[in-house]
Amino acid sequence: MNNQSFGCDFGSYHLKIYHRDADVYLTQHNMVAVQDKKGMLAYGDEAYAMYEKAPSNIHVSSPMSYGNLASISNMQAFLKNLLDQNLKGQLKGADYFVALPTDMQERIFTTLIQDSTMKPRNVFLVDKPVAAGLGLGINVKEAQGVMIVDIGAETTEISVLSLGGIVISRLIQNGGRSIDDAIQSAIRKEYNFFIGSKTAEQIKKELAFAVDAEEVSMQICGRNMVVGLPQMLEITSAFVYEAIKEQLGIIMDAVKTILERTPPELGVDIIQNGIYLTGGSARIQKLGELLEQKSGIRVVVDSEPELSVIRGIARVMVDKEFRSLAFVTKEQKYE
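In terms of the numbering used here, the numbers along the sequence shown are unbroken and rise by one, the last being 320.
Calculated lysine-lysine pairs in the DSSO-like style (CA-CA distance at most 30 Å, straight line):
1) 126 - 305
2) 38 - 65
3) 77 - 23
4) 230 - 183
5) 183 - 271
6) 271 - 230
7) 183 - 38
Simulated from the structure, these hints should not be mistaken for laboratory data.
Produce the complete structure using the sequences and hints provided.
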């Protein structure tokens, strides 16, 4: 009998895996490269290195799109190859624990793994906000209100938890990539200068401030759209601040909407405990300060925000106290 267990967090930017028996985490860019619409040429970090550099016969994309599966077959092949090559464990007959985003149909991720060649024993689901809370070190099973703002690559998930479940939640289609797009658009409009999404992401990491932008700048390479040639351009943090503040404002407004809809007794808990900020885009500098200004509530920012969900999945797998937070679909129950 196979006692192997794997935890999965299928993000739009990164795929995170936890192997319980080896107690190791694996993170790879959630991208695949398909050549001539046939076989998979590369996946993960190797495919990401090809992104925006590949010829027309090689299509590089993410199997995930805005919290949903864009290609089940590509995701299945990617996951199996990743597990086969990096985590030494028997895949067939193993248990899989999967983080389920808000508004995602339960059967989609279950079907993804069950209908693959991995042939699992069980596929357990854990609500993604609940997993994030556990990964933040919170005992989400207690009778207390906990607000978690998870800003990912393509979506932001805002949730209020209590007694191990989701009381209220909202998923919006704004995240790190919409901020990257805003940077690209502002540079194109202001300077007639075209840059790729990887360059925009690097600008965000280096120069993006949510409040009180420090005076820093960086040289970037792109194409001058007037002369049509590659050139260098200096971009300042003040320019980036103006470019992204509308996108950040959309996220802040969504948080305020959820706070307005939160039952009063849970609202008292949130004021006492603070708002927890996580997700890879929580690394934008001083984002916690902006959320604190807009909400009037103390904000706790995870030190490793991109790993909070997979850490929470690991706690469900390892700690019997939290195993009850994992569930199976109705279809699995009656098989």
